[in-house]
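Enquirer: Chain by chain, the residues run as shown.
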Amino acid sequence: MDYILNGFVEAFRLIFSFDPEIIQIVLLSLFVSFSATLYGTLIGVPLGIALGIHHFRGKKVVSRFLYTFMSFPPVIIGLFTALFLARSGPFGQFQLMYTPTAMIIAQTILVTPVIMGIVFNHASTSGYEVVQTGKTLGARRWDILILLVLELKAVIMIALVTGFGRAISEVGAVMIVGGNIRGFTRVMTTFIAMNNNMGQYSVSIAMGLILMSISFFTNSLLYHFILGDQNEYRD
Amino acid sequence: MNIETSHIKKIYKEKTVLSLDGQFSDLQFESGKIHGIIGPNGSGKTTLMKIIAGLIAPSSGAVLYNGQPLCQDIFSEMTYSTHTPTLFSRSVYQNIAYPLKIRKQEKNAIDQTVSQLLEEFEIDDIKDQSARHLSGGESQKIALARALSFSPKALFLDEPTANIDPKSIQIIEAALQKRNREQGLTIIIITHNLSQAFRICNHLTFLDQGSCLFSDTPEKIMTTSHSTIDEFISFNRF
Amino acid sequence: MKKKLSVLLVVLFVCTLAFSALGCTPKEKALEPGSNGEILLATTTSTQDSGLLEVILPDFEAQTGIAVKVIAVGTGKAMEMGKAGEADVLLVHARSQEDQFITDGYGVQRFDVMYNDFVVLGPKEDPAKVKTSAAADAAKAFAAIAAVPSTFVSRDDKSGTHTKELAIWKAANITPDGDWYLKTGTGMGETLTLTNEKLGYTLADRATYANMKDTMANLEIVCEGDQILNNPYGVIAVSPSINDQINADGAQAFVTWIISPETQKLIGSYEVNGDPLFIPNAVKK
Numbered sequence: 010m011d012y013i014l015n016g017f018v019e020a021f022r023l024i025f026s027f028d029p030e031i032i033q034i035v036l037l038s039l040f041v042s043f044s045a046t047l048y049g050t051l052i053g054v055p056l057g058i059a060l061g062i063h064h065f066r067g068k069k070v071v072s073r074f075l076y077t078f079m080s081f082p083p084v085i086i087g088l089f090t091a092l093f094l095a096r097s098g099p100f101g102q103f104q105l106m107y108t109p110t111a112m113i114i115a116q117t118i119l120v121t122p123v124i125m126g127i128v129f130n131h132a133s134t135s136g137y138e139v140v141q142t143g144k145t146l147g148a149r150r151w152d153i154l155i156l157l158v159l160e161l162k163a164v165i166m167i168a169l170v171t172g173f174g175r176a177i178s179e180v181g182a183v184m185i186v187g188g189n190i191r192g193f194t195r196v197m198t199t200f201i202a203m204n205n206n207m208g209q210y211s212v213s214i215a216m217g218l219i220l221m222s223i224s225f226f227t228n229s230l231l232y233h234f235i236l237g238d239q240n241e242y243r244d
Numbered sequence: 011m012n013i014e015t016s017h018i019k020k021i022y023k024e025k026t027v028l029s030l031d032g033q034f035s036d037l038q039f040e041s042g043k044i045h046g047i048i049g050p051n052g053s054g055k056t057t058l059m060k061i062i063a064g065l066i067a068p069s070s071g072a073v074l075y076n077g078q079p080l081c082q083d084i085f086s087e088m089t090y091s092t093h094t095p096t097l098f099s100r101s102v103y104q105n106i107a108y109p110l111k112i113r114k115q116e117k118n119a120i121d122q123t124v125s126q127l128l129e130e131f132e133i134d135d136i137k138d139q140s141a142r143h144l145s146g147g148e149s150q151k152i153a154l155a156r157a158l159s160f161s162p163k164a165l166f167l168d169e170p171t172a173n174i175d176p177k178s179i180q181i182i183e184a185a186l187q188k189r190n191r192e193q194g195l196t197i198i199i200i201t202h203n204l205s206q207a208f209r210i211c212n213h214l215t216f217l218d219q220g221s222c223l224f225s226d227t228p229e230k231i232m233t234t235s236h237s238t239i240d241e242f243i244s245f246n247r248f
Numbered sequence: 712m713k714k715k716l717s718v719l720l721v722v723l724f725v726c727t728l729a730f731s732a733l734g735c736t737p738k739e740k741a742l743e744p745g746s747n748g749e750i751l752l753a754t755t756t757s758t759q760d761s762g763l764l765e766v767i768l769p770d771f772e773a774q775t776g777i778a779v780k781v782i783a784v785g786t787g788k789a790m791e792m793g794k795a796g797e798a799d800v801l802l803v804h805a806r807s808q809e810d811q812f813i814t815d816g817y818g819v820q821r822f823d824v825m826y827n828d829f830v831v832l833g834p835k836e837d838p839a840k841v842k843t844s845a846a847a848d849a850a851k852a853f854a855a856i857a858a859v860p861s862t863f864v865s866r867d868d869k870s871g872t873h874t875k876e877l878a879i880w881k882a883a884n885i886t887p888d889g890d891w892y893l894k895t896g897t898g899m900g901e902t903l904t905l906t907n908e909k910l911g912y913t914l915a916d917r918a919t920y921a922n923m924k925d926t927m928a929n930l931e932i933v934c935e936g937d938q939i940l941n942n943p944y945g946v947i948a949v950s951p952s953i954n955d956q957i958n959a960d961g962a963q964a965f966v967t968w969i970i971s972p973e974t975q976k977l978i979g980s981y982e983v984n985g986d987p988l989f990i991p992n993a994v995k996k
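Residue numbers (the numbering used here), protein chains in the order written: chain A, 10 to 244; chain B, 11 to 248; chain C, 712 to 996.
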């Protein structure tokens, strides 16, 4: 029991000492996960909308695949990405293993189905109706696109924040393709896992607290967007 | 806008949902009239409406608009509204202004049109509120105001006054009749409310189980002797 | 709403900018690390956990400008990485596997670097009475543990430690099996934590134990000093013929550096809590 309390005390001390190594690790985590979320959004949102608003044969199959990939274990994504990026793999010549780029790639693969799935789901229901209504009011292609994005604005934000949350808190993928190398590819989650292995609880707890605050912050954003949708109007 | 249908058939998932043949293979929806489509549930009313509104294609048969087949220009002069309208997540004012905005009208012109509509439908007090989460009556009035804002030539309504308060029904019917009278707006309306049908329609079409049983003036429907129609009317009239 | 969105985006943008500024390296160096490329050094978790590399690597990076990316995995994985050409140079402690590696043609040459020793750890209560009966005889200690049987925690991950552990069981003529023999499949640190929790026995390298002593209140050294417990480290440059991406020059530079007298001295001076953890033994040229 003692060492848990000590851990927290040590943790606060460490956080407020602004250790440059800790700061670097946190910033790298944010950079990797934010980038992955950005790419995931650029791919997942248009695809999710396009697939969602159209009725086509095999749509049920597509949605089943999509929902399966949404909850794919990160460690398996890391494994498969590593197979491709390894020196002996198809993309070996780019020497991407153990780099932040590899981590971004892996997390993008992780996050894109999540974002796409959420957008697809809403586009299939309310998105479809919005398109129909827009058409009956005389909207042409471009108008409909703008209309859709505006109507699905809250959903897109929810998808984004959910995707980011998933990225920042996973450890399996970044551990395998990143290698937790000090100064290069060490992020919050791999740092916590490693220090826990070494029995160094206070730094683990410190980093854990930082990670939880970031998680809390992004979830508050999510909450705000869901609530905001109900009361919002524009001028 | 004159609308004519010819031998319309719609098959959905191997079931014939709608089949207009025999005596009623060619239906006429004359310009400038208010046409009611009535009949029991599942008779194909919504299917027929969606086909003539250009939203779905028939499995066979044709629809002509002023003698022409459907094209984008004709389609943009028609509009469609259901009993559960999809309003955009923006203010009431912005919803109504939307069709005018995408037609690139001037701000002042838009403001004038929208203000008139807000007054006519008595929804001026909620014009800045979000259009979501409003009552049934308010939603319907907004949807209708929005649909009428760009002065379409044909209006298709699928049970526009189902489950809303009597005052709103009155306002909506008055708005419809006004435009029909003053601008010659062709209106085609599905309704379960027979009093409404008799109140505002110049022409009634009766569907039952995918077939048409009657298509003539409301007065004639009272004298027609068809068991299904008689049953339906006596059951629904009060 | 619009305002909050812009604030969020600005915050995130600033973060990524700040990262790019701070991100490259936390350490100050004479030569910009990575200016002359980088090498992938595959080593064991126990080597990394000892803290030695953090102390000596900056010297290499400053001298050569080559950045060292340390991948700490089990010996088994390090050897596999070497065979596949995924790493440029290996620093491991599993002599038999290393020799086989060279014989099979995967490595250029093996050099001695340093050695430390293993110790047998056990609970203070010492139910197998190792301290009294086998304080300097590893095989006898293992036999005593199996006789009770007391809980023994094995890394079971083809690591150098695991290889040594199996060699000791062999010397004691015992095949360990049963509920008392726990296999973690993980690194030294985690295995020690588990052993501490379970009040069991285990084999550990002295360096990791020294580093973790504070967090393991229940364990102490029950057997040490036996010849068989010596743990020699070898450095091997991976054969450049395996694939095109191997940084052969960088690997050679690393090997030359680590067996150089200056670095050897540096290794010998590394201490934790007053005890030197490694004894340098590269053959003087």
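Worth flagging that the hints you see were computed from the coordinates, not collected in a lab.
Possibly wrong hints are sitting among the right ones.
As the list claims (entries may be wrong) - If the Cβ cut is set under 7 Å, some of the chain C residues that face chain A in the computed set are:
(1) 796
(2) 810
(3) 898
(4) 901
(5) 926
(6) 951
(7) 954
Here the structure is a predicted model, which is why all the values come from computation and not from measurement.
All C-beta atoms, glycine included, are put in the ideal place defined by N, C-alpha and C.
Enquirer: Quick check on residue 951/C please, does its C-beta sit within 7 Å of some C-beta on chain A?
Expert: 12 Å, violated
Enquirer: May I ask you to test the interface hint for residue 926/C with respect to chain A, counting a Cβ-Cβ separation under 7 Å as satisfied?
Expert: With a closest approach of 4 Å, the residue 926/C hint holds.
Enquirer: Take the shortest C-beta to C-beta distance between residue 898/C and chain A; is it under 7 Å?
Expert: Status holds, d = 6 Å.
Enquirer: Do the numbers back the hint for residue 954/C, that is, is its least Cβ distance to chain A under 7 Å?
Expert: 5 Å, holds
Enquirer: Please verify that hint: residue 901/C, Cβ, nearest Cβ of chain A, below 7 Å or not.
Expert: 4 Å, holds
Enquirer: Are residue 796/C and chain A close enough, Cβ to Cβ, to be under 7 Å, as the hint says?
Expert: 6 Å, holds
Enquirer: Hey, does the residue 810/C contact hint survive, CB to chain A under 7 Å?
Expert: Interface hint status for residue 810/C: violated (24 Å vs cutoff 7 Å).
When each numbered hint is compared with the structure, violations occur for hints 2, 6.
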